[in-house]
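J.: What follows is the residue order along each chain.
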Amino acid sequence: MENPIHNALLEQIKHKSDKLMNYFLISFYICGLLLAFFYDTWLIAVGVGSLSLMAYYSTKWLLPASNAYQYVLSVVFGIFMAQYIYQMHGLFEMHFIAFIGSAILVTYQNWKLQIPLALLVVVHHASFGYLQYIGYGNVYFTQLPYMTLQTFIIHGILATVVFFICGLWGYQLNKLNRRLIKQTYEMGRFQEEQLQKKVLERSNDELRKSNKELDSFVYSVSHDLRAPLSSVLGVVGLCETATEDPFMLKNVGLIKTSIKKLDGFIIDILDYSRNSRMEVTNCEIHFNELLSEVSNNLKFMGNEEQRKVSIRTIVNNGDPFYSDKSRLSIILNNLISNGMRYQNPQAPDPFVEVEVNVSKSAASIRVKDNGVGIDKENHEKVFRMFYRVSNKSIGSGLGLYIVKEAVVKLNGTISLTSEVGKGTEFSIQIPNIWNTSMPR
Amino acid sequence: MKTVIAILLLTAIFSSIAGIFWYTDWKYSLPTPLPKQYHAVNTGAFIDLKGKLPVSGNKPVFIHFFNPDCPCSRFNIPYFKSLARQYGDKVRFAIVVLNNKKYTSAEIQDKFDLNVPVSFDSSIAAACGVYSTPQAVLLDANQRLYYRGNYNRSRYCTDTRSNFAQMAIESLFNDNRHPMFSIDAVKAYGCQLPACTLK
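Going line by line, the protein sequences match chains P and X. Under the numbering used here, think of the first position of the first sequence as 1, with each following residue one higher. Under the numbering used here, think of the first position of the second sequence as 1, with each following residue one higher.
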């Protein structure tokens, strides 16, 4: 996994290691100077040592972004080894400098850094060994009796093992670091998620609570408003019978209309409140009964001057249908009353047609009228709360919003097609709960 | 562009490093130049020590010409010690210090951890025809020059096939009257006299 935190940490490791290298390189240089006292190898100590440092620092300066200088460092350690060996005229122990270099390189956590050093050692020994083998003038390798070919091979193998192990540690360290960073990162993220979840849950709970409170408030207020309204309506009725003054009768009629409108509005709010508050109940629906109930309730709706609207119902009752009766009633009541209310005065025969087709999976209900119709741009908006197509609209602006909410509660869908002047058709799909929850 | 510069620079630096190694090696491999007033002393010549070294008697004498400031001499110390230990009962060993600074016999003996006579008389070197350090001179029982030359072809004294000084001792005891030594053996290598200057 590559992420900014990881890169930053690697950069930090690199930076720290680079700092350490300054001390190591200075120490190597000083060691060379100290060794020069033995056999006056000042030219080697100063010349080779300085050039080595120059190679490292110039690469670092020229290519700071790449890690080429680390590879140069690996070579420089090899050169220091050669320098010390030379300064001590082949003192065998100086070969261990290669191992020190190898160990130092572990800090960069990159196993590949071992390669230049190992290669330098191998190439150096192989070429000098070859020169000696072909009998080139100078003697490069000690010929002490205990230094047999076998010993050389063993030394070579051991050196290889050291380089390999140091490389392995570098690799392992790097892997471990990566894993550690990943774990830390994921743990942090997990904690953050948990915290967010907790906060979300708490605010969710609060929201639910306040929503519930609001709903019950709306319900009780609406309910309490209706009682005095009924009283007023009763008193108005009394007044109506007690007078024959046409002026009074007209005004009392206006009061009655307003009270009925207010009552309708409160009923709408109550319907909405019930819909959002109450659990979905489950009982068998007989559409014929339900529709006749609804149309009976609506018979006396509307003003006297409006024409009578014929309500036609077509029910194809194949399978038993289970759903929430009160919500279906709200839906049908609102749609049919809308159809009756917004009739087209030009149409000769105003009607509202309800067609119900019941299947095992769902009931599809079509409510069609030949009323004024709805403008296309308002098709979406009519389902919004308190949205009224025009100022002439009589209703509360809640009807279709409640219909939509109720359909959603029943896991159904609603759509409409309409043309101004020709009529409106609502199509509703309500799933049959019998199909999913009832034993077959 | 920077990469190219870096590569060129590194190549130059590493070449210079190789060059320094090569130059140093080459310089060490040169024979010591002959001094201007050098009187050659041939093998077989009688060397009159005139009591300059307390080595009288009928034993062969092995003289080690040593300069504490000469790196080659310093490096040679362990080897001379091993020779002195190995042949100490048959050959008398002595050290001639060729240096302008003041040293005491005890200091020199300390360096070698050997109880051998030490002389600071540079005329011994002239008498033996020695003009560099480290050099070995082997006189037979009659104080005639048997061998004068290097200890080893290798500066590290590790090439057993070119342990010339040791070979000379062995040859002497094998009663070889006219030993043949290679040019590597008798051509003096090492530091010039009296101070340690390689050139």
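It should be emphasised that the hints constitute simulated quantities derived from the structure, not laboratory data. Do not take every clue at face value.
Pulled a few chain X residues facing chain P out of the computed Cβ check, cut under 10 Å [what the hints assert, rightly or not]:
1. Thr3
2. Ile5
3. Ala6
4. Ser16
5. Ile17
6. Phe21
7. Tyr23
8. Lys27
9. Leu30
10. Leu34
11. Gln37
12. Asp69
13. Arg74
14. Tyr103
15. Glu107
Just so it is clear, the structure is predicted and the values come from calculations on it, not from any experiment. All C-beta atoms in this analysis are idealised placements derived from N, C-alpha and C, irrespective of residue type, glycine included.
J.: Answer holds if the nearest beta-carbon of chain P is closer than 10 Å to that of glutamate 107 of chain X; otherwise answer violated.
T.: 17 Å, violated
J.: For the hint on tyrosine 103 of chain X, does the least C-beta distance to chain P fall short of 10 Å?
T.: 18 Å, violated
J.: Does the closest beta carbon of chain P sit nearer than 10 Å to the beta carbon of tyrosine 23 of chain X?
T.: For tyrosine 23 of chain X, the interface hint holds, since the closest Cβ of chain P sits about 8 Å away, which is under 10 Å.
J.: Hint isoleucine 17 of chain X vs chain P: min CB-CB distance below 10 Å?
T.: 5 Å, holds
J.: Holds or violated: arginine 74 of chain X as interface residue toward chain P, Cβ cutoff 10 Å?
T.: Interface hint status for arginine 74 of chain X: holds (6 Å vs cutoff 10 Å).
J.: Regarding the hint that serine 16 of chain X lies at the interface with chain P, is the smallest CB-CB distance below 10 Å?
T.: 5 Å, holds
J.: Return the status of the interface hint for leucine 34 of chain X: holds when the least beta-carbon distance to chain P is below 10 Å, violated otherwise.
T.: With Cβ-Cβ at 22 Å, over 10 Å, it is violated.
J.: Against chain P, is isoleucine 5 of chain X within 10 Å by beta-carbon distance?
T.: 6 Å, holds
J.: Minimum Cβ distance from aspartate 69 of chain X to chain P below 10 Å?
T.: The hint holds - aspartate 69 of chain X has a Cβ within 10 Å of chain P, the shortest such distance being about 8 Å.
J.: Less than 10 Å between beta-carbons is the criterion; does lysine 27 of chain X satisfy it with respect to chain P?
T.: 9 Å, holds
J.: When the nearest CB of chain P is found for glutamine 37 of chain X, is that gap smaller than 10 Å?
T.: 27 Å, violated
J.: Can you verify the interface hint for phenylalanine 21 of chain X: is its Cβ closer than 10 Å to any Cβ in chain P?
T.: 7 Å, holds
Violated hints for the displayed structure, listed by number in ascending order: 9, 10, 11, 14, 15.
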